[in-house]
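Residue numbers (this note's numbering), protein chains in the order written: chain Y, 8 to 124; chain H, 11 to 122.
What the hints contain is simulated information worked out from the structure, not anything from laboratory work. All C-beta atoms in this analysis are idealised placements derived from N, C-alpha and C, irrespective of residue type, glycine included. Treat the hints with caution; some may be incorrect.
Example chain H residues on the side facing chain Y (calculated, C-beta under 7 Å, incomplete) [stated by the list, open to error]:
(1) 50
(2) 54
(3) 57
(4) 59
(5) 64
(6) 109
(7) 112
(8) 114
(9) 115
Straight line, CA to CA, 27 Å or less: simulated DSS-like cross-link-like pairs of lysine-lysine [as the list claims (entries may be wrong)]:
(10) H:78 <-> H:11
(11) Y:18 <-> Y:78
(12) Y:21 <-> H:11
(13) Y:64 <-> H:52
(14) H:11 <-> Y:78
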Amino acid sequence: DTGVSQDPRHKITKRGQNVTFRCDPISEHNRLYWYRQTLGQGPEFLTYFQNEAQLEKSRLLSDRFSAERPKGSFSTLEIQRTEQGDSAMYLCASSFVGGRLVQETQYFGPGTRLLVL
Amino acid sequence: KQEVTQIPAALSVPEGENLVLNCSFTDSAIYNLQWFRQDPGKGLTSLLLIQSSQREQTSGRLNASLDKSSGRSTLYIAASQPGDSATYLCAVTNNYGQNFVFGPGTRLSVLP
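The shape of chain H in the complex, shown without the other chains:
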């Protein structure tokens, strides 16, 4: 059974810092991995999706990497801003992407 963990559970940084969020999964036979953002009481917003054949994806200040063989992904956020404060979730799909298995999330606070 696939299990996804995220470290740290919570992170507080001053504005402007670069930071790394970590995601680990136990079964390396994934089809893709996706990073989401969730604001309190709201649904999820997709940030980046990485196919199993890819090593990384970039969007603006965000960069996600994938090391499928070791079961790890990182989300790098450059020059953090208070508006980046949210919970960041990673999720993996197996078997042609039928459903996601989510991690518990990292709660990020960026202090002005």
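Pulled out of the complex, with its shape left as it was, chain Y reads as follows:
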């Protein structure tokens, strides 16, 4: 178990550019979550997957944002036409839910810090 990893750890981009982040969950985890965190605030839920299916999306996830988890393992979060307001820490988490076990502990990655100039 190597934990949840995210890449890159830091990204600086100019307004209007597209960026893509990657998350590799703990290998046996079937749920994967994306959150966004701004300075001094708690993380805000963006979306989550169970295996490859995207089951819920927050209203925070505008049409410039898209997330995929094509094979039910790693996930990517793409932001198109970035805006300065997109600057934040993007956190990924994973968990396992199976059988009668609904309760879950989410394990978080170190995050990708995005700065849009």
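Since the structure of chain Y is provided, determine the placement of chain H on it from the hints.
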């Protein structure tokens, strides 16, 4: 809509003190509540998870309690150490734990 608040926003204590962090939530129909620790610029580390049917959980010097009917949880840290300095976040899940709603956190500084 579920809202989570945490008091105080920041706390500074001398090493060795016992302390209590507070978390409140507006919708008592939660599935579970979790306390996390976040070090500056880092991701979150899970500390304790309390199921809605439970009243408390303990891990080492940490004890978390849950009063679901009043919408409150407390995190008690015994014999605080400088290494406990971090931001502590509480989060609740509704609807079978699909996603967390986080509080803004309490920033703790333990002075040597």
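Comparing the hints with the structure gives:
Hint status for residue 50 (chain H) relative to chain Y: violated, with the closest Cβ pair at about 11 Å, above 7 Å. Checking residue 54 (chain H) against chain Y: minimum C-beta separation of about 4 Å stays under 7 Å; hint holds. Violation of the interface hint for residue 57 (chain H) is found here, the shortest Cβ-Cβ separation to chain Y being roughly 10 Å, above the 7 Å cut-off. Restraint check, residue 59 (chain H) versus chain Y: the minimum CB separation of about 5 Å is within 7 Å; hint holds.
Hint status for residue 64 (chain H) relative to chain Y: violated, with the closest Cβ pair at about 10 Å, above 7 Å. For residue 109 (chain H), the interface hint holds, the least distance from its beta-carbon to any beta-carbon of chain Y being 4 Å, beneath 7 Å. For residue 112 (chain H), the interface hint holds, since its Cβ comes within 7 Å of a Cβ in chain Y; the closest pair sits about 3 Å apart. Look at residue 114 (chain H): its Cβ gets to within about 5 Å of chain Y, closer than 7 Å, so that hint holds up.
Checking residue 115 (chain H) against chain Y: minimum C-beta separation of about 6 Å stays under 7 Å; hint holds. Annotation: proposed proximity of residue 78 (chain H) to residue 11 (chain H) holds, straight-line Cα distance about 16 Å (limit 27 Å). With a C-alpha separation of about 25 Å, the suggested pairing of residue 18 (chain Y) with residue 78 (chain Y) holds against the 27 Å cut-off. With a CA separation close to 35 Å, the supplied pair residue 21 (chain Y) and residue 11 (chain H) exceeds the 27 Å bound.
For the hint linking residue 64 (chain Y) to residue 52 (chain H), the alpha-carbon distance of about 24 Å falls within 27 Å, and the restraint holds. For the proposed pair residue 11 (chain H) and residue 78 (chain Y), the alpha carbon gap of about 33 Å is over 27 Å, so the pair is violated.
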